[in-house]
Amino acid sequence: MKVVGARIPRYDGVAHVTGRTTYVDDVRVPGTLWAKALRSPVHHAAVTKLDTSAAESMPGVHAVITWEDVPLLEYGHLSALGIPADEPLLAKDEVRYLGQPIAVVAAESEQLAAAAVAAIDVAFEERPALLDVRAAFDPDAPKIHQWGNWYPHFENEMDRRQIRKGDIDRAFEDADTIVQGVYRPAAIEHAPIETQVCQVVPEPDGRLTIYSCTQALYFSLGVVAAHLQQPLNRFKLVGGTTGGGFGGKVDTATETVTCLLVLKANRPVKWRWTREEEFLCSSTRAPWHMELATAVTRDGWILGQKMLTLHDAGAYARFSPYGLTKHSFHHTGAYSIPHLHFDGYVVFTNRVPTTAMRGFGVTSVSFAVETHMNRIANLLGLDPIEIRLKNANRIGDTSPNGVSYTDPSTVDTLKAIADAIGHELPADYRTMTNEPRSGELLPEHLVAQVGSTEGH
Amino acid sequence: MNLTVNGAACEIDGSALTPLLDVLRDELGVTGPKAGCHQGGCGACTVLVDGEPRRSCLMPAGYAEGAEIVTVEGIGAPEDLAPIQQAFVHYYAAQCGFCTSGMLLAAQAYLARGGSDDHESIQEALAGHVCRCTGYAKIIDAVAAAARGDSFDLTTTAVGKHTTMATGGAE
Amino acid sequence: MAVASVAVDAATETMVPGSEDEAIAAFGDGVGVVVVGGGTIVVPDLTYRRIRPSKTLMLGHAGLAGIETDGAQVTIGAMTPVQDLVDLPAPLGPCAANVADLEIRSQGTVGGNLCAGDAPEAPRGDLQGAFLALGATVRFAADGEVAEEPLEDFLGEHSGRLVLGVSFDEPAAGAFAGLDRPHTHDYTALAVSGAKGNDGTLRLAVTGAGSWGARLPSAEAAAGDPEAAGKAALQDVSPRDDALASAWYRTKVLPALVRRVLTEMGASS
Amino acid sequence: MAKHTGRGIAAIEYPTGMNQNGDPSQCWIKVKPDGRIDVFAGTADIGNGSKTIQSQIVAETIGVPYDWITYDNSNTDSSPVCTGTFASRATFVAGKAAEKAAQEVKRKLLDIAGKELEIDPSDLEIVDGEVVAKGAPQTKLSVGDVAAAATWGHGELITGTGAQLKPYAAIVDPETGEVDLPPHSAISYAACSAEVEVDDETGEVRVTRLQQCYDVGRALNPSQVEGQIEGGAMMGLGLGVLENCYPYYPSVEHRGGAFGSYLAPGMEDMPQIDTIMIENPSADGPYGAKGIGEMANNPQPPAIAAAVYDAVGVWVTELPITPERVLRALEAKAEPRREGKKVVFDEELSVNAVSSGGIRFEVPA
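Note that the protein sequences, when read in sequence, are chains C, W, H and X. Anchor point for the first sequence: position 358 equals 358 in this note's numbering, and the numbering is continuous, going up by one each time. Anchor point for the second sequence: position 59 equals 59 in this note's numbering, and the numbering is continuous, going up by one each time. Anchor point for the third sequence: position 60 equals 60 in this note's numbering, and the numbering is continuous, going up by one each time. Anchor point for the fourth sequence: position 172 equals 172 in this note's numbering, and the numbering is continuous, going up by one each time.
You may find that some hints are simply not true.
To be verified - One side only, chain W facing chain C, incomplete, derived with CB under 10 Å:
1. GLY7
2. ALA8
3. ASP26
4. HIS38
5. CYS42
6. ALA87
7. ARG132
8. LEU154
9. THR157
10. HIS162
Stated by the list, open to error - Here are the computed lysine-lysine pairs in the DSBU-like style, where the Cα-Cα straight-line distance is at most 30 Å:
11. LYS143/C to LYS92/C
12. LYS100/X to LYS236/C
13. LYS166/X to LYS134/X
14. LYS100/X to LYS115/X
15. LYS3/X to LYS2/C
16. LYS115/X to LYS2/C
17. LYS231/H to LYS333/X
18. LYS140/X to LYS143/C
19. LYS166/X to LYS100/X
20. LYS32/X to LYS236/C
21. LYS333/X to LYS2/C
22. LYS2/C to LYS108/X
23. LYS115/X to LYS30/X
24. LYS236/C to LYS166/X
25. LYS196/H to LYS3/X
26. LYS143/C to LYS161/W
27. LYS166/X to LYS2/C
28. LYS30/X to LYS236/C
29. LYS32/X to LYS2/C
30. LYS2/C to LYS30/X
31. LYS3/X to LYS231/H
No wet-lab data here; the hints were simulated from the structure. Model, not experiment: these values are computed from the prediction. No residue lacks a Cβ here, since even glycine has one placed at the ideal position from N, Cα and C.
Go ahead and model the full structure; you've got the sequences and the hints to work with.
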């Protein structure tokens with residue numbers, strides 16, 4: 001018997017194909033109220049008036065909550081790592097993106113909740129919006145965030161993530177060619193087929209049961225407990241079965257607000273975002289702006305790389321500082337590059353906050369580095385597979401942070417692709433392995449790159 | 001209104017305008033069809049109406065009056081799976097499962113009209129159904145296998161049609 | 001069950017006529033009436049509360065579906081599903097086949113398509129260009145009277161009028177060219193239809209270059225030279241930016257699509 | 001008018017587990033009196049298949065059939081901590097916790113069995129649900145009998161707990177980014193070839209083939225790994241040529257709120273996909289596995305961009321590579337600026353062109 005390595009069908013496969021898997025939206029609790037949110041209709045504004053009394057007095061409306069109802073208004077996605085919080089659960093005196101939630105209503109039906117949202121008296125004084133990360137640093141840029149237009153809380157209160165390795169100036173001096181390019185992948189929707197949804201039920205013992213579509217049960221439990229300033233066992237988070245996530249359902253977008261509505265209404269409440277809300281108001285993959293300057297020799301050795309990254313975080317930080325740090329750790333791609341100079345900024349703009357998504361931080365840099373690599377090969381008249389094999393990270397080579405690689409496979413995967421497409425490699429490339437560099441593959445500029453693999 | 005859902009006659013109050021999806025899920029408690037968008041854009045709500053695949057979020061319930069409606073619950077139970085359901089299990093064609101019921105019913109209708117195992121025909125028949133997890137490859141393989149009339153071993157999954165294994169690296 | 005996601009207002013009066021005559025009578029002058037054909041556009045508008053009508057006219061049982069051929073004349077009922085057109089000759093068949101996916105084509109109707117203007121995301125009347133190229137006539141009811149009008153005049157003027165059907169003469173030749181990305185979920189970003197009548201009249205029309213489908217008279221005038229006709233077509237449209245494509249892009253591509261249609265028709269006639 | 005074909009290559013790497021680590025996952029297991037196994041973990045199954053994988057790991061580690069396992073990740077009352085299903089960690093980190101918990105269960109089962117059989121536990125093994133004396137396969141006791149003996153005879157509850165946590169790799173020098181501990185648990189690698197067909201008149205790009213090779217460490221369930229890779233390929237295709245929240249970025253105008261205006265890849269967008277899986281085992285992952293769920297959408301966009309260049313001779317470096325961007329690039333036919341040994345592409349996109357002095361990207365000539 002070998003279970004590991006076997007093609008076992010999904011644990012929940014039969015439940016999936018018979019429609020019996022219970023997703024949050026399939027939970028049925030009698031007496032459940034519907035939640036609907038009042039959201040910002042503008043990209044950036046002061047909230048000059050917020051009066052919910054008319055909505056509250058409508059028949060069938062059981063609760064309206066605003067920022068005033070939240071015990072701890074700001075709790076960050078990275079607070080557990082000691083990173084300060086910047087985003088209110090519900091907007092207080094200003095809104096920073098179109099769709100930002102301001103107040104949420106619980107009522108007997110979805111249509112009644114929508115009518116109550118329309119009855120909330122709210123006024124805005126619009127402010128100029130900042131949308132281009134490249135203009136965020138300019139003196140005349142609108143000031144949109146309490147921390148300034150870019151995140152200032154990296155270690156030692158630095159305002160950027162830096163990587164410095166080797167001597168970039170020497171790499172540029174020694175280079176035969178310096179290739180510069182700009183790479184800008186787009187913001188992407190997670191677009192799981194199940195939209196953001198939760199159902200919260202008050203239990204006889206005073207606890208709240210939270211039916212959640214979260215990708216991270218304990219993370220979301222911690223977020224709810226922190227906002228409500230309650231111990232973890234006040235809540236039972238029920239989940240584990242999620243209709244697609246891709247990173248967006250780490251956000252804990254609905255759970256906390258729904259708990260607050262339940263505590264106010266003392267009734268079960270469900271908040272299911274519409275597809276339109278999912279597209280327009282839920283967080284996205286970030287758009288990135290990346291500039292690369294790479295020092296290369298005419299025979300295709302990469303001596304050094306300078307990089308500037310502007311990460312468009314949208315209106316609030318969420319996971320962006322984490323994502324940018326991960327990005328910086330992987331900004332050389334699958335290659336060993338001795339001289340590095342990286343500056344990355346988490347830049348705030350008046351768009352929907354961005355969050356984790358499949359490949360967080362690295363999808364962007366893979367596009368930049370690899371497209372740049374293809375350009376370099378093309379400019380130098382070199383084969384795109386050979387130049388990659390030559391510079392590929394090998395066992396013992398050190399990463400941008402100075403850590404040695406223990407299990408690289410760049411050589412293997414590239415050779416397999418060369419085979420698959422019928423691309424014949426010269427003999428010395430065909431025999432390449434992942435083993436530590438030596439001989440012609442260890443030119444002078446890479447000697448210092450070979451570290452120790454012990455201890456990892 | 002009188003509907004027949006998975007063989008059972010149901011009497012429904014409410015507006016003829018109410019989308020069939022909401023009648024099924026919220027009035028009848030038939031939760032197989034999923035509310036993925038309420039815009040007709042994803043296909044998670046597709047059911048069979050007199051044998052034809054229809055987006056139930058777009059169809060006013062009044063249009064289904066007197067019709068035979070079949071949801072995923074109606075094509076096969078766990079102990080008695082329809083061939084297309086067996087194919088989805090055996091080909092690992094469902095991941096998160098949220099698009100699966102709509103996908104299955106579109107496939108079921110395709111098979112019922114004599115659809116072949118030709119990949120392009122399958123792609124055309126199921127084109128409106130968004131799956132964000134699988135990349136569609138295994139769904140197409142599953143429908144093709146069901147179209148061929150294969151039988152399925154439910155204790156294992158099929159060897160990937162698009163994959164080869166290699167041992168490499170630095171052992 | 002209290003968990004009702006239904007956002008359709010219970011207050012909306014629904015009228016479900018069982019025949020064309022009943023439909024005409026129920027529609028009346030059309031004031032305050034929202035017509036529900038297949039539901040593909042109106043039902044999401046209702047669920048998302050973009051419209052909140054006091055009265056709806058549901059045509060599903062009014063018997064307005066079907067394609068009839070009488071000599072050279074083809075008549076298509078307003079409730080005919082788009083899917084029923086896909087095997088017709090060009091430009092209508094390939095144009096219909098280019099609309100969305102099988103299920104949406106089976107639910108969306110010809111009448112609804114002719115009354116669909118642009119939405120924030122994109123122009124929606126995928127079939128309008130093909131019918132314009134065919135010189136189609138719309139049969140409609142208003143204030144209880146039935147009348148006909150060229151589609152060209154009717155587009156955008158459907159308020160107070162209930163579409164009953166559309167008719168045209170089978171063309172001697174026809175062609176359709178659209179952007180052919182295989183993606184199925186979006187509306188037609190840009191497509192050109194052409195048809196040559198039995199009397200030699202040539203009509204060209206576009207979908208996606210404005211709020212409504214539009215004839216391309218300047219291109220028609222230059223039709224002898226497909227390249228020149230393509231460029232001339234730009235005088236006839238004022239495309240705009242939307243979620244699917246920019247005005248710039250539509251302007252760049254329209255000449256090519258016009259040329260492809262003319263070339264194909266030239267080859268087939 | 002012409003359609004042109006092209007091919008492009010990319011090679012990538014991607015870390016498993018949270019960057020800088022510090023992300024715990026835990027698991028606990030109890031054994032019912034008939035030997036059936038209940039596994040409790042807090043790992044959400046978002047479609048990735050962690051319910052299946054963790055059940056497989058537990059069955060394999062203890063030595064019982066897969067269908068003896070029940071897996072409960074349904075709530076935070078019964079399940080221990082799991083940081084979550086993201087960062088390619090559900091198999092690698094949470095699966096390792098399950099393996100550790102199962103090892104403890106196995107050890108306890110062998111202890112009880114040793115007492116029942118009066119054999120030293122180190123001379124016993126568990127094979128397909130039976131405790132067997134090594135070298136004397138006729139001497140055996142079913143796991144069900146062992147569990148019964150533990151319950152009714154020895155008065156013991158057989159449980160196992162496992163926790164996986166790699167310590168947080170702090171940045172010791174924020175000026176250089178140097179760390180003192182490895183910031184990743186394992187790194188996975190992939191290479192990709194993309195083939196495209198480009199219409200030079202409409203700018204439409206159709207991806208016709210993706211050939212990919214992934215180092216997956218070890219495929220614990222090859223069908224599930226394929227599912228991740230194929231799903232990732234389509235998401236990568238979306239990144240490359242279709243998807244965009246802001247069609248006129250950085251403008252926020254014309255943002256789509258429907259599947260009709262946000263182009264998530266559909267079934268007809270699918271190219272031919274061929275995948276090669278290489279098993280280069282990770283030292284730290286359960287049974288050598290690496291996490292490849294996320295990276296599966298990373299190699300396609302650059303491979304597609306290079307294929308478009310190969311087809312029509314223009315670099316489109318803003319994603320997605322829409323028909324409009326292809327046509328604009330074809331119209332501009334931009335050549336890089338050459339200055340000394342510098343070759344400068346995309347100057348109009350640079351901060352140097354857009355910022356009025358707030359930020360610059362300086363490179364010596």
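We went through each hint and held it up to the structure:
Checking GLY7/W against chain C: minimum C-beta separation of about 15 Å lies over 10 Å; hint violated. A cut of 10 Å between beta carbons decides the hint on ALA8/W: the least distance to chain C is about 15 Å, and the hint is violated. For the restraint placing ASP26/W at the interface with chain C, the shortest Cβ-Cβ distance is roughly 9 Å, inside the 10 Å limit, so the hint holds. Satisfaction of the interface hint for HIS38/W is found here, the shortest Cβ-Cβ separation to chain C being roughly 6 Å, below the 10 Å cut-off.
This hint holds: CYS42/W has a C-beta 6 Å from the nearest C-beta of chain C, less than the 10 Å allowed. The criterion of a C-beta within 10 Å of any C-beta in chain C is met by ALA87/W, whose closest approach is roughly 9 Å, and the hint holds. Because the smallest distance between the Cβ of ARG132/W and any Cβ of chain C comes to about 5 Å, under 10 Å, the interface hint for this residue holds. Because the smallest distance between the Cβ of LEU154/W and any Cβ of chain C comes to about 6 Å, under 10 Å, the interface hint for this residue holds.
With 10 Å as the threshold, the beta carbon of THR157/W comes within range of chain C, its nearest partner Cβ sitting at about 4 Å, so the hint holds. At a threshold of 10 Å, the smallest CB-CB gap from HIS162/W to chain C is about 12 Å, leaving the interface hint violated. Between LYS143/C and LYS92/C, the direct Cα distance comes to roughly 17 Å. Compliance with the 30 Å bound is thereby established for this hinted pair. Taking the CA atoms of LYS100/X and LYS236/C, the gap is about 26 Å. The hint holds against a cut of 30 Å.
Note on LYS166/X and LYS134/X: the hinted pairing is violated, with a Cα-Cα distance of about 35 Å set against a maximum of 30 Å. Note on LYS100/X and LYS115/X: the hinted pairing holds, with a Cα-Cα distance of about 23 Å set against a maximum of 30 Å. Taking the CA atoms of LYS3/X and LYS2/C, the gap is near 50 Å; set against the 30 Å cutoff, the hint is violated. Our distance criterion of 30 Å between C-alpha atoms is met by LYS115/X and LYS2/C, whose separation comes to about 27 Å.
Distance check on the hinted pair: LYS231/H and LYS333/X sit about 22 Å apart at the alpha-carbon level, within 30 Å; holds. In summary, the hint linking LYS140/X to LYS143/C is not supported, as the alpha carbons are separated by about 75 Å, beyond the 30 Å threshold. About 14 Å separates the Cα atoms of LYS166/X and LYS100/X, which keeps this hinted pair within 30 Å; it holds. The hinted pair formed by LYS32/X and LYS236/C meets the criterion: a straight-line CA distance of about 25 Å does not exceed 30 Å.
Simply put, LYS333/X and LYS2/C have alpha-carbon atoms about 58 Å apart, too far for the 30 Å limit, and the pair is violated. Annotation: proposed proximity of LYS2/C to LYS108/X holds, straight-line Cα distance about 22 Å (limit 30 Å). Taking the CA atoms of LYS115/X and LYS30/X, the gap is near 20 Å; set against the 30 Å cutoff, the hint holds. Restraint check for LYS236/C and LYS166/X: the C-alpha separation of about 27 Å stays at or below 30 Å, so the hint holds.
Restraint check: the Cα-Cα separation between LYS196/H and LYS3/X comes to about 28 Å, which is no more than 30 Å; the hinted pair holds. Using a Cα cut-off of 30 Å, the hinted pair LYS143/C and LYS161/W is violated, with the two alpha carbons roughly 54 Å apart. Only pairs whose Cα atoms come within 30 Å are accepted, and LYS166/X paired with LYS2/C is accepted, the gap being roughly 28 Å. A distance of roughly 21 Å separates the Cα atoms of LYS30/X and LYS236/C; the hinted pair therefore holds under the 30 Å criterion.
Of the supplied pair hints, the one linking LYS32/X and LYS2/C holds, its CA atoms being roughly 23 Å apart against a limit of 30 Å. A threshold of 30 Å between alpha carbons decides the hint, and for LYS2/C with LYS30/X the separation of about 22 Å falls inside it, so the pair holds. Distance check on the hinted pair: LYS3/X and LYS231/H sit about 21 Å apart at the alpha-carbon level, within 30 Å; holds.
Going down the numbered hints, you'll see the structure goes against 1, 2, 10, 13, 15, 18, 21, 26, while the others check out.
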